[in-house]
Amino acid sequence: SHKSASKYLEEVDKYISEEVTAGCMDGPFNQNKIHIICRGHFRISPFIVSRSDQGAGSGP
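In terms of this note's numbering, the sequence shown opens at residue 6 and continues consecutively.
The set of hints was computed from the structure by calculation and includes no laboratory data.
Even glycine gets a Cβ: it sits at the ideal position worked out from N, Cα and C.
Fair warning: there could be bad hints in the mix.
Unchecked claim - Heads up, simulated DSSO-like pairs for lysine-lysine below, C-alpha to C-alpha not over 27 Å straight-line:
#, residue 1, residue 2
1, LYS8, LYS38
2, LYS38, LYS19
3, LYS19, LYS8
To be verified - Ranges between beta-carbon positions, derived for each pair:
#, residue 1, residue 2, range
4, GLN59, GLU23, 15 to 23 Å
5, GLN59, VAL17, 14 to 22 Å
6, ALA10, HIS40, 19 to 27 Å
7, GLY60, ASN35, 26 to 34 Å
8, ASN37, ASP58, 22 to 30 Å
9, PHE47, ILE21, 17 to 25 Å
10, PHE47, LYS8, 15 to 23 Å
11, LYS8, CYS43, 21 to 29 Å
12, LYS19, ARG44, 25 to 33 Å
13, ALA61, GLN36, 20 to 28 Å
14, HIS40, LYS12, 26 to 34 Å
15, LYS8, MET30, 33 to 41 Å
Please model the entire structure based on the sequences and the hints provided.
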């Protein structure tokens with residue numbers, strides 16, 4: 006992942022956990038498992054975090 010994801014590791018872990026629990030995302034998968042799922046080589050985009058202030062009283 007992009008270095009920005011490491012800066013907000015707790016938030017990233019929480020987001021991924023919520024998405025997996027909701028059934029919107031699967032994983033995590035090791036390299037061997039993803040090769041089986043994708044039937045060969047695969048390419049992914051880095052996970053990048055962009056933070057913005059939503060103002061007082063606003064959600065994340």
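Hint by hint, which ones does the structure fall short of? 7, 8, 13, 15
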